[in-house]
Amino acid sequence: MNILTTGMGWIDHKPGGLNRYFADYSQAMTEAGHELRALVTADGDRPTAPAYVEAVPGSGDGTGTWDRMRAFRRAIGRGGQSWIPDVYNPHFALYASLVNRGRLPRDIPIVTHFHGPWAEESMVEDKGASTARLLRYRMKKSVESLAYRRSDRFIVLSRHFAEILKRDYGIPEERIVRIPGAVDALRFRPAESVRQVRAELGIGEGQRVLFCVRRLVRRMGIDRLIQAMAAVSAEHPEALLVIAGDGSMRSELESLASRLGLAGKVVFTGRLSNELLVKWFQAADCSVVPTVTLEGFGLVTVESLACGTPVLGTPNGGTREILEAFEPSLLFDDESAEAMARTIKRWLAGDARLPSRENCRKHVLERYTWSEVAGRVTEVFEATLEARRRRSAR
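If you read the sequence shown in full-length UniProt numbering, its first letter stands for residue 1, the second for the next number, and so on.
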């Protein structure tokens, strides 16, 4: 099957959950025997990108929103007659909104991966409702609605995002298919020697490491986790919170940790290479996912579990769905700093046991593999293509 797919940016230049999913998903679909033409923005060098990944001319850094939208529209129109897609599979509404039926043959279905409410995420992260922000929100919501009106089917990674599609965008339930995300289990795997990896990372003997990798933006709840660490550290000085990632809140979060007297107890690493990310997952005693809202799947949750490291998380969205099916006690009571502190202190005091590394890994291999995802997505594509062709033949 020929699949035309559009994402955001290439993962090695622009880290993030959507870009990681898009890169691994595209590879899995190719390994399943499909021919892909995958379009992403032309930001920076992409020496690691496979041959099927194309940088869209005129969509790089500094390009305005509408110019990027038009650039993707032109790129899709340049497909020519030598390679005709069987399905169009966008992963980001902005770059799909100007792709109307005039750009695609009538019998080609559009199956959209819905990775979250773009407009709502922006509003939450902006933390405010000024006139300018409200106008941006309305523009983004209009762009999303325009793209989704043309879609035949939708794929979501969690029940939470299926509900948002139905409630906020009016998409009928019968057009939504839930296929959870997956993890590259060859890259994210347990260390042969945890002790050796911890030594390489400079982790001291007796330290209990909590690892959190997130974009440092409002909805990720990092500020609440840092506040929780103030209470944890008072009783458990051996606890160390390592925060990986970057974002608009970094300086604010660093200041918060300093004010709470957590120097040496909360460490910010910035963005990590793929190799270091895996090592921190392997070395940690547990990972923490403190997201306050709009957690669509929780890719970092399955990445950590694949490395054998248990995860404590807030009972929101995809994180809840993953952990409830594994070990419900890993969920905080709510997303407050107090709830996080209670659960972390119970674990550190030995009053609550975390799952074994073997069971963490087993849970992922049984449920979150790319071969399973590729097979289920292919079934959706084939069924939607057949339905579109029947309608086109009338």
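To be clear, the hints were calculated from the coordinates, so they are not data collected in a lab.
Even for Gly, the Cβ is constructed at its ideal location relative to N, Cα and C.
Please note: incorrect hints may appear among the correct ones.
Cross-link-like lysine-lysine pairs, in silico, DSS-like; alpha carbons within 25 Å at most [stated by the list, open to error]:
no.: 1; residue 1: Lys265; residue 2: Lys279
no.: 2; residue 1: Lys140; residue 2: Lys166
no.: 3; residue 1: Lys141; residue 2: Lys265
no.: 4; residue 1: Lys279; residue 2: Lys362
no.: 5; residue 1: Lys141; residue 2: Lys166
no.: 6; residue 1: Lys166; residue 2: Lys14
no.: 7; residue 1: Lys265; residue 2: Lys345
no.: 8; residue 1: Lys14; residue 2: Lys362
What follows is a list of derived Cβ distance ranges for each label pair [claimed, not checked]:
no.: 9; residue 1: Asn2; residue 2: Glu358; range: 39 to 45 Å
no.: 10; residue 1: Gly170; residue 2: Glu200; range: 26 to 32 Å
no.: 11; residue 1: Ala325; residue 2: Gly64; range: 14 to 20 Å
no.: 12; residue 1: Glu163; residue 2: Arg187; range: 54 to 60 Å
no.: 13; residue 1: Glu366; residue 2: Glu173; range: 25 to 31 Å
no.: 14; residue 1: Gln207; residue 2: Asp67; range: 24 to 30 Å
no.: 15; residue 1: Gly60; residue 2: Glu174; range: 37 to 43 Å
no.: 16; residue 1: Trp83; residue 2: Arg391; range: 46 to 52 Å
no.: 17; residue 1: Trp83; residue 2: Ala325; range: 19 to 25 Å
no.: 18; residue 1: Lys14; residue 2: Ser371; range: 42 to 48 Å
So, going through the hints one by one against the coordinates:
1. With a CA separation close to 19 Å, the supplied pair Lys265 and Lys279 stays within the 25 Å bound.
2. Taking the CA atoms of Lys140 and Lys166, the gap is near 18 Å; set against the 25 Å cutoff, the hint holds.
3. Taking the CA atoms of Lys141 and Lys265, the gap is near 41 Å; set against the 25 Å cutoff, the hint is violated.
4. With a CA separation close to 19 Å, the supplied pair Lys279 and Lys362 stays within the 25 Å bound.
5. In summary, the hint linking Lys141 to Lys166 is supported, as the alpha carbons are separated by about 15 Å, within the 25 Å threshold.
6. Among the hinted pairs, Lys166 with Lys14 is inconsistent with the structure: their alpha-carbon atoms are about 30 Å apart, more than 25 Å.
7. Of the pairs offered as hints, the one joining Lys265 and Lys345 holds, with about 15 Å between alpha carbons and a cut-off of 25 Å not exceeded.
8. At most 25 Å may separate the alpha-carbon atoms for a hinted pair to count; Lys14 and Lys362 exceed this at roughly 30 Å.
9. Distance hint check for Asn2 and Glu358: the Cβ-Cβ separation is about 41 Å, which falls inside the suggested range of 39 to 45 Å.
10. Range check, Gly170 to Glu200: about 51 Å between beta-carbon atoms, so the 26 to 32 Å window is missed.
11. Taken as a hint, the range 14 to 20 Å is violated for the pair Ala325 and Gly64, whose Cβ atoms sit roughly 43 Å apart.
12. Separation of Glu163 from Arg187 is about 31 Å and departs from the stated range, judged on CB atoms against 54 to 60 Å.
13. In this structure the hint that Glu366 and Glu173 lie 25 to 31 Å apart at CB holds, the actual value being about 27 Å.
14. Distance hint check: the CB atoms of Gln207 and Asp67 are about 49 Å apart, inconsistent with the given range 24 to 30 Å.
15. Between Gly60 and Glu174 the CB atoms are about 39 Å apart, so this pair conforms to the stated range of 37 to 43 Å.
16. Distance hint for Trp83 and Arg391: a CB-CB separation of about 24 Å, inconsistent with the stated range 46 to 52 Å.
17. Trp83 and Ala325 have their C-beta atoms about 40 Å apart, which leaves the hinted 19 to 25 Å range violated.
18. Distance hint for Lys14 and Ser371: a CB-CB separation of about 26 Å, inconsistent with the stated range 42 to 48 Å.
In this structure, the hints that do not hold are numbers 3, 6, 8, 10, 11, 12, 14, 16, 17 and 18, in rising order.
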